[in-house]
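> This is what each chain is made of:
2 protein chains.
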Amino acid sequence: MTVKINENYLLLKSSYIFAEIAHRVDKYQKEHPDADVIRMGIGDVTRPLPKAVVKEFKNAVDEMGQADTFRGYGPEQGYDFLIEEIIKNDYTPRGIKLDNDEVFISDGAKCDTGNIQEIFGLDNVIAITDPVYPVYVETNIMAGRGGPMGEDGKYQGLVYLPCTEENDLVPALPEEDVDLIYLCFPNNPTGTALTKEQLAKWVNYAKENDAIILFDAAYEAYIREDNIPHSIYEIEGAKEVAIEFRSFSKNAGFTGTRCACTVVPKELMGYDGEGNPQALNPLWNRRQTTKFNGVSYPIQAAAKAVYSPEGQKEIKESIDYYMKNAEIIRESLTNIGLKIYGGVNSPYIWVKTPNGMDSWEFFDTLLDKAHVVGTPGVGFGPSGEGYFRLTAFNTLENTKEAMNRISKLSF
Amino acid sequence: MTVKINENYLLLKSSYIFAEIAHRVDKYQKEHPDADVIRMGIGDVTRPLPKAVVKEFKNAVDEMGQADTFRGYGPEQGYDFLIEEIIKNDYTPRGIKLDNDEVFISDGAKCDTGNIQEIFGLDNVIAITDPVYPVYVETNIMAGRGGPMGEDGKYQGLVYLPCTEENDLVPALPEEDVDLIYLCFPNNPTGTALTKEQLAKWVNYAKENDAIILFDAAYEAYIREDNIPHSIYEIEGAKEVAIEFRSFSKNAGFTGTRCACTVVPKELMGYDGEGNPQALNPLWNRRQTTKFNGVSYPIQAAAKAVYSPEGQKEIKESIDYYMKNAEIIRESLTNIGLKIYGGVNSPYIWVKTPNGMDSWEFFDTLLDKAHVVGTPGVGFGPSGEGYFRLTAFNTLENTKEAMNRISKLSF
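Going line by line, the protein sequences match chains L and Z. According to numbering that gives the first Met the number 0, the residues represented by the first sequence are 0 to 410, in order. According to numbering that gives the first Met the number 0, the residues represented by the second sequence are 0 to 410, in order.
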């Protein structure tokens, strides 16, 4: 006998996109030590935690240092004091009713969107938009739902829903039978959003076809337009067909602090092998209580402070700051004739590369001629080829400077 | 088509042991509102975070509140500043050499011991000691390695290694072929430890039988005797056959703060379907980078402070405090003629119930006659029937009072 590895891991054809980017930038910097490279590639925030958050974070750390206020193991599902703030602020005002035990606090939407597939059988058919956040794809490959990658760059067992210039980046409903559909809107990487009517089509599709939508709302705080839903549960009946993921990473700068939540409504059902409905809420609860031990108490106290009046004011300022950058990027690139998407309800701008350049050619051109780093769209899936992602997370000064440099290029 | 759930979840026969305990205690308190119930059941610490930890924790939160020291996404594997302290303090002094990229920081040993099985194939045979920390069992059932539970209370696909009075709680080597062996020493729940010679037998077994040991060292800080290994890598050749899990939960009071680490040596190999060796270190790295986003920066800074001279002094005081409780429990129970195990190199005392009582009978007796709550051993596996766990994590005063009460009982 020998120990067998999970061979599905060997199927992963990682593009190692961020490693390749780092490699090319390092090489360029060595060859051009004076080049002032501006990074607009990784989707990470740069502005500090709000003061209101820092204050409560530290207060909670002090509590942990005193015997009478010390807290050991907390509930794996999160503290009610945070869950209640989330419901009161993010859901109730939109007419969405949730019980506390439908909201699960976690250490990140990456973890939750990666782990959620565990509660589903291996024989479900998975649909993803293309381009896509790679975690949805890779966690299903690792579990054995995707099979090998074909020459077209697609894992053969997954259903890809292309988002390209042809459909204005709005994915069409699947033609095949699919069971689980990952949707992220406002979208990473394309920065586009779905209107209420557009999202309602997906909810109806899921109802009619007994599918479930895994809805990643990590960027909802960047929505500026009225008709864009902040939660999929704004769509009537969505609680019967959707799980929703939220995060404090992008709205409150928690990328290095780690806190998020996942909503699993109690009416949401899967089916066992005999066709009996099985509620998904207790399955996720079982998953979390068995494999997770809750989010650090001081971090949950910090996240609660996001909802204080001062916290809300501060996060609004940060998001306004990033969205001002997004506007500058949009205007600058539009002015020089590039076709762009996104940046209106999200911090991402998705650029159609000019003159039929492929994603990496455009990457090399921007690095070499403007010393600006972005992310080649092909890194997010085959339909990302010929596109390029820029983020609004750098400073205003760097964003302006980057746009000045790019504006001087001729394509 | 309908969405299929992971049916393995339906195989879980949860004893809901802590829920059942809570239920019985609540009922008892309602019927006896004046009873001063002392809880010695759950393995959770009670003493606050060390002052040195609180200080660095708060400093790091302040850094997160300033633009020039703010940190966004950190390495999924953890910051080198913490990894280096772990290696320098926990491994180098014991003659164990580790590279930084063999140590993975996480938010808890529960998560890591639960997730580690993902990198292994579903066709491995799993061995567990019995009684056992339920996470090892249940995460394998959820993945599909355990099958249904038989009438003997054992999942039919798992290999149980009984630890009972007959073998002095030292598990015998498996007679069947097994691939993955979970060992936790000092043990939760029995509180017993293995000597270097005893552990070496397991390492040799694993080498000779191409098995891998998943070694949970969460309680190593409680070791008091010289010949008890703090790390499995103290045994020669163990890096070829063992993964080790550590935690800041029990040594530094991090149960509510969340930080741990897992060591996956680079020489450790599994095999693919064609019999080719595949290093496990990059597989775990892939798992963590895909499904995890790193531990909060302030928490890693706090964990680093555990290794400062002040931090070391403070955690030693806390552990001494708990171990004094353990000694009181040991002496008191021995004096009244109970047979006990553990409590010498761990905060757990494993009591053989008197007069052939079953675990729950003894639970009810202690609750009713002494108002003391412990954990029925049967909750940790069928071989735990007829045993009972008490923990040393309460206050000195409560521990003394509980022992006074129990000492007055006659069995």
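Check before you lean on any hint, since a few could be wrong.
Chain copies aren't distinguished; within one or between two, either way the pair holds.
[What the hints assert, rightly or not] Below 30 Å or equal to it, Euclidean Cα-Cα: the simulated DSBU-like pairs (lysine-lysine) are:
hint: 1; residue 1: LYS50; residue 2: LYS265
hint: 2; residue 1: LYS351; residue 2: LYS206
hint: 3; residue 1: LYS3; residue 2: LYS265
hint: 4; residue 1: LYS195; residue 2: LYS351
hint: 5; residue 1: LYS12; residue 2: LYS87
hint: 6; residue 1: LYS265; residue 2: LYS368
hint: 7; residue 1: LYS96; residue 2: LYS3
FYI, nobody ran anything at the bench for these hints, they're computed from the structure.
> Taking the hints in turn, state whether each one holds.
Hints and how they fare:
1. Proximity of LYS50 and LYS265 under a CA criterion of 30 Å is satisfied in neither setting, with 36 Å inside one chain copy and 43 Å between copies.
2. Proximity of LYS351 to LYS206 under the C-alpha cut-off of 30 Å is found in neither arrangement, the shortest distances being 34 Å within a copy and 56 Å between copies.
3. Taking CA atoms no more than 30 Å apart as the test, LYS3 paired with LYS265 passes between copies only; the shortest distance there is 17 Å, against 38 Å inside one copy.
4. With identical chains, the CA atoms of LYS195 and LYS351 are at most 30 Å apart within one copy only, with a shortest distance of 26 Å there and 63 Å across copies.
5. For a Cα distance limit of 30 Å, the shortest separation of LYS12 from LYS87 qualifies neither inside one copy, at 42 Å, nor across copies, at 36 Å.
6. Taking identical chains as interchangeable, the C-alpha atoms of LYS265 and LYS368 are never at most 30 Å apart, the minima being 54 Å within one chain and 41 Å between chains.
7. Taking the closest pair of Cα atoms, LYS96 and LYS3 come within 30 Å of each other only across two copies (26 Å); inside a single copy the shortest separation is 46 Å, beyond that limit.
Consistency with the previously given hints fails for numbers 1, 2, 5, 6, ordered from lowest to highest.
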